[in-house]
Each structure stands twice: as C-alpha cells, then as structure tokens.
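**Q** Residue-level listing of the chains:
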Amino acid sequence: MSAPGLLALTKLVVARDLRLAVRHWDQVAQPLIFFLIVTTLFPLAISPALDDLRKIAPGIVWVAAMLASLLALDSLFRPDVEDGTMEQWTLSGQPLSVMLFAKTMTHWLLSGLPLVIISPVVGTALGLPSSVWAVLALSLALGTGSLSLLGAVGAALTVAVRRGSVLLALLVLPLEMPVLIFGARAVDLAMQGESVLGPLNLLAAMLLLFASLGPIAMAAAMRISVEG
Amino acid sequence: MWLWFHKLSSPPYAYRTAGNLRPWFFWPAIIMMAVAAYGGLVLAPPDYQQKDAFRILYVHVPSASLSLMVYVAMAVAAAVGLIWRIKLAHAVAAACAPVGAWFTVLTLATGSIYGRPMWGTWWEWDPRLTSELILLFLYLGYMALRASFDDTQRADRASAILAVVGVVNVPIVKYSVVWWNSLHQGPSISKLSAPSIDSSMLWPLLLMMLGFVLYFAAVLCDRIRSEILKRERNASWLSETLVGS
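Chains as they are written, first to last, in my numbering: chain E, 163 to 390; chain U, 2 to 246.
Worth flagging that the hints you see were computed from the coordinates, not collected in a lab. Do not rely on the hints blindly, as some may be mistaken.
[Stated by the list, open to error] Stretches of chain U that chain E covers, calculated by requiring three or more beta carbons in the stretch to come under 8 Å of a beta carbon on chain E:
| # | segment |
| --- | --- |
| 1 | 113 to 119 |
| 2 | 138 to 149 |
| 3 | 152 to 160 |
Keep in mind that this is a model prediction, so the values were computed, not measured. All C-beta atoms, glycine included, are put in the ideal place defined by N, C-alpha and C.
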C-alpha cells in the first residue's frame, strides 16, 4: 500500500471527522445552542430595549462566539487522544501538522461555520440592522478561523492534562484578544456606516499567520502530549 | 567557542556559577537602586505639572520594561531548551516566569496608584495598561500550564511551546490594543508621554533601570539554583556538594 499524498491525506482526515460528526450530531449542536443561550443572557442582564442592545450587540455576538468556540475546543483532540488514534497518527510517518490542520479545519466547519450562518439571526434579535449582516458574518468567518487555529494549539497542549478545560481557557483567551478586538470593531464600524476594510484585512492577515504557524506548534504540542 | 555554553548547561557547573555570580549582581543592584532612589526622590526637582506624583515613575518605568524583557528572556530560554534539548534552559525559563509576573503586577499597581491623582481614576482602558494586563494573563497561563503537569520534562516542553507562541503573539496583542484604543477616540493628550525629560530626572531613571536589571539577574541566579536543587534532588553530585561545603 503506497502512502497517500498530502491532499489525499487531508481528504481522509476531513472525511473521517465529518462522518464522526454526523454520527454524534448532538455534540456538534451543543456549542451552537450555547452561543444562542449566551446571547440571550445579555438582554436579560442589561436591558430589553433594542436601542440599548444595539450599541453593544457587536461585542455580545463576538464574546459569545469566542466562548462557544472555546467550549467546542475541548472535544477537538480529546476523544482521539483517549482512544489511541492520535498515537497512531504520530507513529504513522505522515506529517502530523497537516493532519492536525485538516482536523482543525473540519472542526471549524462544524463549530465556526454554524455560528457564521446563524449570526444574522442573533444580530437581528439584538437590534443590528440588516445592512451589517454581511460584515458580521464575514468578520465571524475570518475570526472564528483564527480562534479555531489558536485554540487548537492550546487544546493540543492541554489535552493530556486532567481537567484541562479551565486551563485551556486561561491559555487561549489572552492570545485570542486581538481577534475579538478587530472582529467586534469591524461590526461596530459597519453600523456607523464607515469603511470596514481595515479590521477585516487585519483579521484575514491574522488568519493567514495562524494558519501557517499554528499547525507547526500544534504538532509539536501534540507530540509532547501523546508521548507521556 | 561553544565550550562554555555546553559547560554551562551542566547542572553542577551552572549551580556553582549561579552561586558565584549572584553577589556580583545583587550588591551593585542594591547600591544602584539606593543611589537612584535618592536621586529620583530627593535630588530631582518636582515636575512643574505633576508635582511629586511623577516620582512613582522611578519604580513604574523600570518594572514595566522588565516585565516585557523577562518575558522575552523566558521565551528565548524556552526556545533554546526546545531546540537543543537543554534541560537547564528550561530551568531558566521556569525561573523567569514568577519574577516576570511580579514585575507585571508591580507595573499595574504603581500605574494604578499614579493614575488616581493624575487621571482621577484607578483604572483607565489605556492601550498600555490593557496590554500590560494581557501580559499578566500570559504569565499566569504559562505558570498554570507548567503547574498542571506532574512530570517536569513534559511541563518544560509544553510550557516552552506556549512561551514561544506567546512571544509571537505579544506584538500582535500590543498593536491591536493600540489600534483598538485609537479607533475608540482615546484621550487627545497622551497620558504617559512626557515631552522631554530633564537630565536631573533622567539619570536616576536610567540608573534605576540598570539596578532593576541587575536585581533581576540576582534573583534569577537564586531561582535557577533552587530549580536545579529541585530537579537534581536525587543526583549524587548534589549530596557531595552540599555535604562537602
């Protein structure tokens, strides 16, 4: 049996993870439900008046998305490490960074993309005008990719740690703050009718940076986690 | 040329060297800090606008620059340990983290004390304050990750990766916070930047900075020694050294 090329390898990993996700559909839905619940908390805590909510809506959506992405991270590598799949991956002779990158991208398809799709609904509920839907969705699409990649590094580091999920939040949230800043800012600018190119470009730049360096760090971290 | 480097990476040699170097860092640091404190608190004239309140800058500025410097030193040591697999480099990185975190706390605390009379508020979401706070979170995350492993070697390598990732991220955090603030229409007068500083105020500051650096080196020597003691507690050279002396 010949070893598959990188593209074939990526396809294999993506197909496997998608199939797993379809069979555990409830686990995929949980972060999404969490996202909806968190956004519901803010009107309850602050004010039901849409005029009040509109001002902070970009921040609410973004913070909720960040927390939902963090919640989803715990299941990114843990099942595979616990049942030994990850160990086989590290021994397979295939580039671990490519496999983990493919896994992270699939994870984004299942946890980030649903947030992007549902964000106009949440935005509307918080009083965002329909003119900013596109920017909201685009900023989330670019930003949640970065969140997934940064989070995957943290998840790989903490996967072997008992009760690692709180630790994961401690490690990942400070690193993710720039994404939050520019994501929320883009939506804010769109609401004021100003150009959103600046923050969106920066979000895209961060996504590229994390996509190119992140997998290397993920692979190094995963080797340490699996070795022990 | 690399001989000293390899020699230094042997725990017994490093243990002795750190012990020998420590007084050479510690006493000059104490003297410098004392002279600089006298220069800054007594000799320097009060600021024409800020009166005596500006004097906290003699603690604030050196600890702020140290808080960043220590993080970079920690990341460099961690990278050295990761690349060349030198255990001692990991010990250095581990020794850096709590010191750096305390410098960061000191920076935030003195900044806050300075902010109360100057800006009328304990806390201002100023880019520098915010990025310093995020730096503290990075230190705390690093120490939390290190503490969560029982095995020292795994703790070393995992936290080293985090330190390196963090140091790549520090400039991004820094600039994002600066832009975030400028986009939010920050205060029109930059609060911390003095137009220029008189030499009678400047020399104590520079001396204090040097004193802080040497003090950090002295504390680092102590911490490296205790890290080595912890890691090599079963080694035979250690019992020989300790019983022999």
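**Q** Please go over all the hints and tell whether each is borne out by the structure.
**A** Verification of the supplied hints:
Look at the segment 113 to 119 of chain U against chain E: 0 of its residues bring a Cβ nearer than 8 Å to a Cβ of that chain, fewer than three, so the hint is violated. A stretch counts as covered by a chain when three or more of its residues have a beta carbon under 8 Å from one of that chain; for the segment 138 to 149 of chain U and chain E the count is 7, and the coverage holds. Residues of the segment 152 to 160 of chain U with a Cβ under 8 Å from some Cβ of chain E number 4, which satisfies the need for three, so the listed coverage holds.
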